[in-house]
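Peer 1: Taking the hints into account, I'd like the entire structure generated from these sequences.
Below are the chains, spelled out letter by letter.
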Amino acid sequence: MKTSPGFRALFAALIAFAVVGPAQAQAPAGAIPLSVLRKDQEKRLPALDALKARGVVGENNRGFVEVRGNGSDDATNLVADENHDRAVVYTVFARKYNIGPEQVGRLRAKKIAAKSKPGIWLQAPDGTWYQKKD
Amino acid sequence: MTCRLFFCVATLPLAGCVNVKPIEVKPIHVTVDVNVNVKVDKSLDNYFDDIDEKSTTTTPAAKPAAQPAPTPATP
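If you read the sequences in order, they're chains A and B. Residues in the first sequence are numbered consecutively from 1, following the working numbering. Residues in the second sequence are numbered consecutively from 1, following the working numbering.
No lab work stands behind these hints, which were simulated from the structure alone. Even glycine gets a Cβ: it sits at the ideal position worked out from N, Cα and C. One or more of the hints may lead you astray.
[Claimed, not checked] According to the in silico footprint, chain B covers these stretches of chain A (three or more CB under 8 Å from chain B):
1) 35-44
2) 65-78
3) 115-127
Peer 2: So this is what it looks like as structure tokens:
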């Protein structure tokens, strides 16, 4: 039976994911293990926290970070890197549960909104931005 | 036999008049969605909890209160 290379790659990724679990599975984009992604996210966490605390960056309602207003190049690059990693994580879980990555992102956004400390900028489900109160 | 055949042929036009209502499956679908959301939430927690705990802009997840130690029975 002949199968296309794309189908074989997808099948191999699904088998790897089913066997080793989400934490160790190969991410579909760029084949980066999730454990490596998590370490990268932890490394950029202090800088991202500082931007969030200053109100330069907020958490949107799709589970991603956004530069609010005119951010520096450093802030923009940091946000792009973080969002790339989050997108990979959401895609892995979306494939596991056979749902869209947007749904995973929205669930994560709800969690972030609940866990965020007062003063952090968040985007409500209706799209409006607000600063979390006590 | 002819009578049966006549009956079948005679009732055939009435078959189009039968009104079958579609089966409502929404409640089952909602239940499945909720279950998937719970599973996804758990997976997200497993992945992000360590990061959230180290973050200075999030509060750690509330852990269930410890059960009070049983008081020794007084004689």
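Peer 1: All hints are to be evaluated individually against the structure, with a verdict given for each.
Peer 2: Hint by hint, here is what the structure shows:
With 3 residues having a beta carbon nearer than 8 Å to a beta carbon of chain B, the segment 35-44 of chain A meets the requirement of three or more and the stated coverage holds. Counting residues of the segment 65-78 of chain A whose beta-carbon sits less than 8 Å from any beta-carbon of chain B gives 0, not enough to reach three: the coverage restraint is violated. With a threshold of 8 Å between beta carbons, the proposed coverage of the segment 115-127 of chain A by chain B holds, since 4 of its residues qualify and at least three are required.
Of the numbered hints given earlier, the model fails hint 2 alone.
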